[in-house]
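Asker: Each protein sequence line maps, in turn, to chains L, E, D and C. Residues 1 to 314 (our numbering) are what the first sequence spells out, left to right. Residues 1 to 314 (our numbering) are what the second sequence spells out, left to right. Residues 1 to 352 (our numbering) are what the third sequence spells out, left to right. Residues 1 to 352 (our numbering) are what the fourth sequence spells out, left to right.
Check each hint, because a few of them may be wrong.
To be verified - Rough simulated footprint, nothing fancy, chain E against chain C, three-plus residues with beta-carbon under 8 Å:
hint: 1; segment: 35 to 45
hint: 2; segment: 112 to 119
hint: 3; segment: 147 to 156
Stated by the list, open to error - Lysine-lysine pairs mimicking DSS-like chemistry, simulated, CA-CA at most 27 Å apart:
hint: 4; chain 1: C; residue 1: K349; chain 2: E; residue 2: K22
hint: 5; chain 1: C; residue 1: K349; chain 2: C; residue 2: K48
hint: 6; chain 1: E; residue 1: K130; chain 2: E; residue 2: K213
hint: 7; chain 1: C; residue 1: K53; chain 2: L; residue 2: K28
hint: 8; chain 1: E; residue 1: K178; chain 2: E; residue 2: K213
hint: 9; chain 1: D; residue 1: K56; chain 2: D; residue 2: K41
hint: 10; chain 1: D; residue 1: K48; chain 2: L; residue 2: K237
hint: 11; chain 1: L; residue 1: K74; chain 2: D; residue 2: K349
hint: 12; chain 1: L; residue 1: K126; chain 2: C; residue 2: K186
hint: 13; chain 1: E; residue 1: K74; chain 2: L; residue 2: K178
hint: 14; chain 1: L; residue 1: K130; chain 2: C; residue 2: K200
hint: 15; chain 1: C; residue 1: K293; chain 2: C; residue 2: K200
hint: 16; chain 1: L; residue 1: K213; chain 2: L; residue 2: K102
hint: 17; chain 1: D; residue 1: K53; chain 2: L; residue 2: K178
hint: 18; chain 1: D; residue 1: K258; chain 2: E; residue 2: K126
hint: 19; chain 1: L; residue 1: K130; chain 2: C; residue 2: K258
hint: 20; chain 1: C; residue 1: K114; chain 2: L; residue 2: K74
hint: 21; chain 1: C; residue 1: K200; chain 2: C; residue 2: K41
hint: 22; chain 1: D; residue 1: K349; chain 2: E; residue 2: K130
hint: 23; chain 1: L; residue 1: K130; chain 2: C; residue 2: K41
hint: 24; chain 1: D; residue 1: K258; chain 2: C; residue 2: K293
hint: 25; chain 1: E; residue 1: K126; chain 2: D; residue 2: K48
hint: 26; chain 1: E; residue 1: K22; chain 2: E; residue 2: K237
hint: 27; chain 1: E; residue 1: K178; chain 2: E; residue 2: K102
hint: 28; chain 1: D; residue 1: K114; chain 2: E; residue 2: K126
hint: 29; chain 1: E; residue 1: K102; chain 2: E; residue 2: K130
hint: 30; chain 1: L; residue 1: K126; chain 2: C; residue 2: K258
hint: 31; chain 1: C; residue 1: K114; chain 2: E; residue 2: K178
hint: 32; chain 1: E; residue 1: K28; chain 2: C; residue 2: K349
hint: 33; chain 1: L; residue 1: K126; chain 2: C; residue 2: K53
hint: 34; chain 1: L; residue 1: K126; chain 2: E; residue 2: K178
hint: 35; chain 1: C; residue 1: K349; chain 2: E; residue 2: K237
hint: 36; chain 1: C; residue 1: K48; chain 2: L; residue 2: K126
hint: 37; chain 1: D; residue 1: K56; chain 2: L; residue 2: K178
hint: 38; chain 1: C; residue 1: K41; chain 2: E; residue 2: K22
hint: 39; chain 1: C; residue 1: K114; chain 2: L; residue 2: K102
hint: 40; chain 1: C; residue 1: K200; chain 2: C; residue 2: K258
Just so you know, these hints were derived from the structure itself, not from any lab. Heads up, the beta-carbon is just placed ideally off N, CA and C, and yes, glycines get one too.
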Amino acid sequence: MTNESLYQSLYRIRRVEEEIAKVYPTDKIKSPVHLSIGQEAVAVGVCEALETRDIAFGTYRSHALYLAKGGDMKQMIAELYGKDTGAARGKGGSMHLIDLPKGIMGTSAVVGTTIANAVGYAYALKYQRKDAVVVSFMGDGATDEGVFHESLNFAALKALPLIFICENNQYAIHTHQKLRQAQANIWERARAYGMVSERIEHNDVFKVYERVKAAVDALRAGQPGPYFFECMTYRWKEHVGPNEDYNLGYRVRSEAEPWMQDDQVPRIGALLDSSVRQPIEAAIEAEIREAFAFAEASPFPAQSELYTAVYDEA
Amino acid sequence: MTNESLYQSLYRIRRVEEEIAKVYPTDKIKSPVHLSIGQEAVAVGVCEALETRDIAFGTYRSHALYLAKGGDMKQMIAELYGKDTGAARGKGGSMHLIDLPKGIMGTSAVVGTTIANAVGYAYALKYQRKDAVVVSFMGDGATDEGVFHESLNFAALKALPLIFICENNQYAIHTHQKLRQAQANIWERARAYGMVSERIEHNDVFKVYERVKAAVDALRAGQPGPYFFECMTYRWKEHVGPNEDYNLGYRVRSEAEPWMQDDQVPRIGALLDSSVRQPIEAAIEAEIREAFAFAEASPFPAQSELYTAVYDEA
Amino acid sequence: MTKPDLDRIITYTEALREATDQEMGRDPSVVIFGLDVDDPKAIQGTTKGLLQKYGKERVFGTPLAEDAMTGAAIGMALAGLRPIHVHIRMDFLLLAMNQLINVAAKSRYMYGGKVNVPLVVRSMIGKSWGQGAQHSQGLYSFFMHVPGLRVVAPTTPYDAKGCLIEAIRDNNPVMYVEHRILHFQKGPVPEASYTVPMGKARITAIGEDITLVGISYMQLECLRAQRYLATVGISAEVIDPIWLSPLDIDTIVASVRKTGRLVVVDNGWTTCGASAEIAAQVAERLQDERPIKIHRMGFAPVTCPTTPALEASFYPTSRDVAAAAHCLVRPGTTWMPEERADLQCIDFKGPF
Amino acid sequence: MTKPDLDRIITYTEALREATDQEMGRDPSVVIFGLDVDDPKAIQGTTKGLLQKYGKERVFGTPLAEDAMTGAAIGMALAGLRPIHVHIRMDFLLLAMNQLINVAAKSRYMYGGKVNVPLVVRSMIGKSWGQGAQHSQGLYSFFMHVPGLRVVAPTTPYDAKGCLIEAIRDNNPVMYVEHRILHFQKGPVPEASYTVPMGKARITAIGEDITLVGISYMQLECLRAQRYLATVGISAEVIDPIWLSPLDIDTIVASVRKTGRLVVVDNGWTTCGASAEIAAQVAERLQDERPIKIHRMGFAPVTCPTTPALEASFYPTSRDVAAAAHCLVRPGTTWMPEERADLQCIDFKGPF
Ligand SMILES: Cc1ncc(C[n+]2csc(CCOP(=O)(O)OP(=O)(O)O)c2C)c(N)n1
Ligand SMILES: Cc1ncc(C[n+]2csc(CCOP(=O)(O)OP(=O)(O)O)c2C)c(N)n1
Ligand SMILES: [Mg+2]
Ligand SMILES: [Mg+2]
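For reference, chain L alone in the conformation it holds in the complex:
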């Protein structure tokens, strides 16, 4: 982790998603997109603490995770375009991103499902004596689900090399956490299963990095897991789609403003000399242009693809 790498990752995610939002009204992306704009710091802080061999599972809102973990941008944009060159050959779309060489094991449209998958993966890694950790991303909404409880219980029971990251943006679609949970204490619930658990306030990329790095180091040293981090953050855009939604009335813009003022992208950018920052930005802009051009130019999957990959017939 360096300020450069942090900025590189933050800026890359922000700018890719801004481009997606810009392209979206043209209907070239004919599938739902759940943007992470405003929330990048969590994925970036976490992934800076990981190695490529470490494994991440995410939610349908995982552009940030995918990019922060090193996912291939071309394949991601092509996937959003439904193209054959996409990460899932167009069969998955934005909600089902995957990049195996980068340890991105998949993202799911059904809330909570990947939490359990991550637990199983961590169990396997431990059994295989592999020197890698698993990270399981979830929203605050996912912690309402029974699978959250069952997964945490099993992970604690087996002391798995696993880090749970709850991206608490306080909303599940338009429903605030306080309308879903009597107490705003997700991290305390996790602690009750017998794991180290902590809330990280303020969408602070350095704090996220530090705490997760310490956990990763401990796990690599063979100490028992899992860890739980409730990372407070905020979604700037609508739940799904490219626009803002403060007009809907379920939240007010003034709630968002402190988070916007605390935007981690310029915050980290400001720590860099412009001679360092500008080449980073320019390279990313070029990468983005290339990724979109790649997606545009790529073919759709052939009709015969409808019937492939249902089963592994090997």
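Once you've looked at the hints, dock chains E, D and C with the ligands against the given chain L.
Answerer: Coordinates of chains E, D and C with the ligands only, in the frame set by chain L:
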């Protein structure tokens, strides 16, 4: 609650179950029975604090709850015999006891299911402005299930007039709690949802009564629920069936012995003068004889009953 | 059955809203809840205004907890309420199967008839705009399989309203299946309350040569196919089963007795689906009477792909249905109608 | 396919244990877990000794958490293990439907073929001794409905072993369906490892007049029915599909092409069940060839009652099957064989 009523209830349950165990080898009861012998104090302590109008939901191990809540003994034994006069006309068996006039709303063979049903019932009572509380019985095993988490969260969110009773006998079939949960702190998990929660040690019928009575009084006074009580207890017999199972090797008899020495039936019996105790016992023995005779004499349901009660066609 | 008042045209979503509103007004035991029922989007408008009118005890959003909230709905029903539990995707019911099948469907029977569970579960099938693998499934055959449940999948605004009222008033658990694309349909709906009685199919076009049974959204494709077929002189009878459990097999059998040919077009996979049941029952019923020809259509036997390039071939279209019907009526010939703009499938435009 | 070694007779449970043991010995990526797999009863003995031999990392009991443990099994499979997840009742799979159908069945497709999920889910159907509403369901048609899953329901010890090995080695999620009563069956099983290849049915009796397809435990009742029928000069061909997905419909069709008559006896409800699928496919396939007669049998269309007085009529017996077959072969006549002690149904004796 009086010592008489406690003893009456404890002795009644113990003796009914002893008779079931005695009859079982004759194969007159052709369905599984999960005996509560050793655990009676929890159901009795709880139900002594309830009124008939209060509602209870239980598990497949609910003979004690059914009887303590005032359930009809004849209908219960007839149900075990699969007779038309049974509580569920023979269609349910030991695992699906019900007695609506006594507020026993049903027991289920799938672990954890009635927890959520109890929550919904309590929601309805609150909406209907009814002066009754709901009690939800569950085993320690049931607290592993996701439905436990989801149910507690919703009950706390809506501050329902509901008391959760976890009968922690430390085992789910043959698997000890410590092989299923990293920490033995079910009550603490419950507390994290934002409810009053407490562990009651030693299978102590008075303590259970006192704590539950206080909760019932508070709920009747309109104070917000729910409450959670983890009641430590111990099963003397095998998980299912009439025998002991210390030979299986998953537990040792010495673990059971302190619980047996602390048996609540003679403990409470000893508080009564024998002139008080003996008529109680005699009446119960007569009731039991009558109940079994009733079951024996009752007819099986007619073949046409196979097709009735699938739908309410009213 | 009330005859449709042809003057009052409203959408399917408005019909759902109106049915709920009328029943909630009539009966204080009706409550409605589920993720997002009280949010600004109000389940595509189907719950709009209900919170304001009936208050948050009767209209409420829930935590993400499909399993326990289904169990809670059953508990409410046992306590005398008439809960409506709403899911924005049918796929999420897979989290609620235990309560639906092990508890709701069985409670009345396993408690010897002492209780009933007057519960309505609304769920929506998604299609187009990249709904993909996990937001597109039509899984109602699961509920048809299990005794104790009722299943209904209305196609028109008229039936949407009448079936919802019928479902709310029924004392049994009813799985009420909607389709996102049908939400946009408009049609005549009387303002006054009425029910569409369960177990009765509707003949939506009268014909002689072949019977087309179209389930849920596929009813629309069958009606379009009927028009394509008319252009080549084939007269198709079209049936909307509306209720899948109880299923009005008599109406279907009577039609096939006449036409001798049956195409069942399902809005789900065919294997062990509604189309298998209908085909099997018709074959059993008519085997001693006359030879018949049967053909089933439904989702391609694959997971639903997200890319529009493949999604288009995942679903049978009206032209596919017409071609298949043609093939049964005039065996040995092949024909595929030219696409007509007025018979095109409506696609949903995103974000979601 | 290896020919059965007729000398070595073992039980179905022992066949399961042996298959698991051999695969675990061969491949360290095979792990087995589920509620109570490591307890003294060892899932009716099917996991006996495995803990001692392979240790608690590879053989473990779990918390009561069907949903997450299924999800965890998928995660293990993604990481290269070959998990076997065991459930003592099929009814409990209703808690795992989301992971099974939304994740396991779809992962390969929705990730564009990049991953596979080599997972085996064993589950048991209960019968007799008051299993009742929630411990008796045969719900495999749900899994047949969904592309991406395989389904197998072996009847004999020989197939139990060979199919389990085949399932473990397959790279896809396989739903492995057992029946409690079949656990008591004995039969010839070679000691050496072998597979029973997927998608291939077995003709278990050759006949001319009628085809009986018996699924899971009902295969036994069909074989008994075949013997009852023989006493009145009716020659029944009996087929065990073994694999329900992929289903060997060709073998069934070829038989019905010959006999002209089909009775499908399922170990579940008929509506939208395996029997509906088989009947529909056979009807579709033979409609241009010859007239056929079809009859489906299965659970009564009610919830399973606990009392033995009603449970007996909930299930079709071999005599019911024989009577129904007789009715197809000799229409207009009725016949019900006298019960023969040697062809009686085995009942399970409790506690459970
Ligand atoms: C099991 C399930 N229930 C409901 C939904 C519908 N849904 C999609 S996103 C969402 C909100 C999830 O909120 P959260 O976990 O906080 O994630 P965020 O969108 O805030 O990142 C809901 C309810 C779903 N996809 N899956
Ligand atoms: C959902 C589900 N999973 C598994 C089972 C099998 N089973 C029956 S009883 C039981 C143990 C439950 O333990 P606990 O809740 O502690 O209750 P106890 O038997 O100790 O009273 C299990 C696992 C079941 N009935 N339901
Ligand atoms: Mg959120
Ligand atoms: Mg227990």
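Asker: Which of the listed hints are broken here?
Answerer: Checked against the structure, the hints that fail are numbers 2, 3, 7, 8, 12, 13, 14, 18, 19, 21, 22, 23, 27, 30 and 31, while the rest are satisfied.
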